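> In terms of this note's numbering, the sequence shown is numbered consecutively and its last residue is 242.
None of these hints come from the bench; they were simulated from the model.
Only a predicted model underlies this, so the values are computations on that prediction, with no experimental measurement involved.
Hints are supplied without guarantee of correctness; some may be wrong.
Said to hold, decoys possible - Derived SDA-like pairs (lysine to any residue); straight-line CA-CA distance at most 25 angstroms:
hint: 1; residue 1: K9; residue 2: T212
hint: 2; residue 1: K178; residue 2: N51
hint: 3; residue 1: K82; residue 2: F62
hint: 4; residue 1: K178; residue 2: V87
hint: 5; residue 1: K178; residue 2: V168
hint: 6; residue 1: K178; residue 2: L71
hint: 7; residue 1: K217; residue 2: F97
hint: 8; residue 1: K217; residue 2: A69
hint: 9; residue 1: K10; residue 2: R147
hint: 10; residue 1: K9; residue 2: F62
hint: 11; residue 1: K82; residue 2: L207
hint: 12; residue 1: K82; residue 2: S208
hint: 13; residue 1: K217; residue 2: F62
hint: 14; residue 1: K82; residue 2: S206
hint: 15; residue 1: K82; residue 2: L71
hint: 16; residue 1: K178; residue 2: S31
hint: 17; residue 1: K217; residue 2: R204
hint: 18; residue 1: K82; residue 2: G30
hint: 19; residue 1: K82; residue 2: V168
hint: 20; residue 1: K10; residue 2: K178
hint: 21; residue 1: K217; residue 2: D144
hint: 22; residue 1: K82; residue 2: K178
hint: 23; residue 1: K10; residue 2: Q155
hint: 24; residue 1: K217; residue 2: G30
hint: 25; residue 1: K10; residue 2: Y83
hint: 26; residue 1: K9; residue 2: S208
hint: 27; residue 1: K82; residue 2: L102
hint: 28; residue 1: K178; residue 2: I191
hint: 29; residue 1: K217; residue 2: V168
hint: 30; residue 1: K82; residue 2: M4
hint: 31; residue 1: K9; residue 2: I203
hint: 32; residue 1: K82; residue 2: E209
hint: 33; residue 1: K82; residue 2: T107
hint: 34; residue 1: K9; residue 2: L162
hint: 35; residue 1: K178; residue 2: L70
hint: 36; residue 1: K82; residue 2: F13
Said to hold, decoys possible - The following label-pair restraints were derived from C-beta to C-beta distances:
hint: 37; residue 1: F194; residue 2: Q173; range: 47 to 53 angstroms
hint: 38; residue 1: A182; residue 2: G109; range: 17 to 23 angstroms
hint: 39; residue 1: N180; residue 2: M4; range: 14 to 20 angstroms
hint: 40; residue 1: N180; residue 2: E7; range: 26 to 32 angstroms
Even glycine gets a Cβ: it sits at the ideal position worked out from N, Cα and C.
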Amino acid sequence: MAIASTAGGTSRGMTREEKKVIFASSLGTVFEWYDFYLYGSLAVFIGSTFFSPAIPEATRNIFALLAFAAGFLVRPFGALLFGRIGDLVGRKYTFLVTMTIMGLSTFLVGLLPGYATLGIAAPVILIILRMLQGLALGGEYGGAATYVAEHAPDNRRGYYTSWIQTTATLGLFLSLVVILIVQASLSKENYAAWGWRIPFIVSFLLLGISIWIRLSLSESPTFQRMKDEGKGSKAPLTEAFGQWKNAKIALL
-9 MAIASTAGGT SRGMTREEKK VIFASSLGTV FEWYDFYLYG SLAVFIGSTF FSPAIPEATR
51 NIFALLAFAA GFLVRPFGAL LFGRIGDLVG RKYTFLVTMT IMGLSTFLVG LLPGYATLGI
111 AAPVILIILR MLQGLALGGE YGGAATYVAE HAPDNRRGYY TSWIQTTATL GLFLSLVVIL
171 IVQASLSKEN YAAWGWRIPF IVSFLLLGIS IWIRLSLSES PTFQRMKDEG KGSKAPLTEA
231 FGQWKNAKIA LL
C-alpha cells in the first residue's frame, strides 16, 4: 500500500483528530489480533472437535496447529490484495472490509458444527475460515499503519505508527483474559463441550464496536489529495520491489 507524503513542520502536540485516528485504528487492530490468536490458544479443543476421533489426539492437535499456521502463510497475500484495494478505493473502507471479514470468519468458527456432524467438511471449512482470517489480518495491519502514517506529521510518523505495533500483544492479552473468564464461569465439562466457542462468538460484538468506531473516521486527507491529483501508483509491485533501493529497505 503506497504511503502518500504528509507535510510536517516543527514539533507539536498531537491534535484531537490524530488521537482519534490512532485510537480507532489501534483498537480495531487489537480486536483483529484477538480474533487471530483465539485459534492458537484453543487449538486443543479445536483439534478434538473438528478432526476425526479415529486420529490419535496428538495428531489431531498437530493438524489443528497446521491449520493455525495456514493463517500466517496467507497474510502476505492479504497485504498485497488489500493494499492494492486501499490504493484504489481508500484506506478507510478497505480496513472496514478487512475488519468485517475477520470478525465474521471468527464468529463462524464459534458456530461451525464439528466432525461428528459434518465429517470431513468440518476441517475443510475450518481451514477456509482460518485462511480468511489470515488474509484479513494481512490487509488490516498494513492498512491501519498506512492510515495512521498519512495523518501524522513527517517528523512523528514513527511515534504515531508505533501504537499499531503494540496491538499484537494487546490482542493476545485480551484473548487470554476472555478465555480465562469463560473458563472460570463454566464447569470443566461444559467448557470442553461448548464453552470454548464463546470467545469466538464474542468477536461478533467486538466487530460491531470496531465498525461503529471506524465509521466515524474520515478518509485520509493525504490519500484523498493524492487521488485528486492522479498521483496514485499504477504498478505498485514493480515500484516497490523492482527497484534496488526499495529492496534494500525491505531487507533492513
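> None of the hints should be skipped; say for each whether it holds.
Hints and how they fare:
no.: 1; hint: K9 x T212; verdict: 17 angstroms, holds
no.: 2; hint: K178 x N51; verdict: 19 angstroms, holds
no.: 3; hint: K82 x F62; verdict: 24 angstroms, holds
no.: 4; hint: K178 x V87; verdict: 37 angstroms, violated
no.: 5; hint: K178 x V168; verdict: 16 angstroms, holds
no.: 6; hint: K178 x L71; verdict: 42 angstroms, violated
no.: 7; hint: K217 x F97; verdict: 35 angstroms, violated
no.: 8; hint: K217 x A69; verdict: 20 angstroms, holds
no.: 9; hint: K10 x R147; verdict: 15 angstroms, holds
no.: 10; hint: K9 x F62; verdict: 30 angstroms, violated
no.: 11; hint: K82 x L207; verdict: 7 angstroms, holds
no.: 12; hint: K82 x S208; verdict: 7 angstroms, holds
no.: 13; hint: K217 x F62; verdict: 32 angstroms, violated
no.: 14; hint: K82 x S206; verdict: 10 angstroms, holds
no.: 15; hint: K82 x L71; verdict: 15 angstroms, holds
no.: 16; hint: K178 x S31; verdict: 16 angstroms, holds
no.: 17; hint: K217 x R204; verdict: 21 angstroms, holds
no.: 18; hint: K82 x G30; verdict: 29 angstroms, violated
no.: 19; hint: K82 x V168; verdict: 28 angstroms, violated
no.: 20; hint: K10 x K178; verdict: 41 angstroms, violated
no.: 21; hint: K217 x D144; verdict: 19 angstroms, holds
no.: 22; hint: K82 x K178; verdict: 42 angstroms, violated
no.: 23; hint: K10 x Q155; verdict: 17 angstroms, holds
no.: 24; hint: K217 x G30; verdict: 40 angstroms, violated
no.: 25; hint: K10 x Y83; verdict: 17 angstroms, holds
no.: 26; hint: K9 x S208; verdict: 13 angstroms, holds
no.: 27; hint: K82 x L102; verdict: 30 angstroms, violated
no.: 28; hint: K178 x I191; verdict: 19 angstroms, holds
no.: 29; hint: K217 x V168; verdict: 42 angstroms, violated
no.: 30; hint: K82 x M4; verdict: 21 angstroms, holds
no.: 31; hint: K9 x I203; verdict: 13 angstroms, holds
no.: 32; hint: K82 x E209; verdict: 6 angstroms, holds
no.: 33; hint: K82 x T107; verdict: 39 angstroms, violated
no.: 34; hint: K9 x L162; verdict: 23 angstroms, holds
no.: 35; hint: K178 x L70; verdict: 42 angstroms, violated
no.: 36; hint: K82 x F13; verdict: 14 angstroms, holds
no.: 37; hint: F194 x Q173: 47 to 53 angstroms; verdict: 20 angstroms, violated
no.: 38; hint: A182 x G109: 17 to 23 angstroms; verdict: 21 angstroms, holds
no.: 39; hint: N180 x M4: 14 to 20 angstroms; verdict: 46 angstroms, violated
no.: 40; hint: N180 x E7: 26 to 32 angstroms; verdict: 47 angstroms, violated
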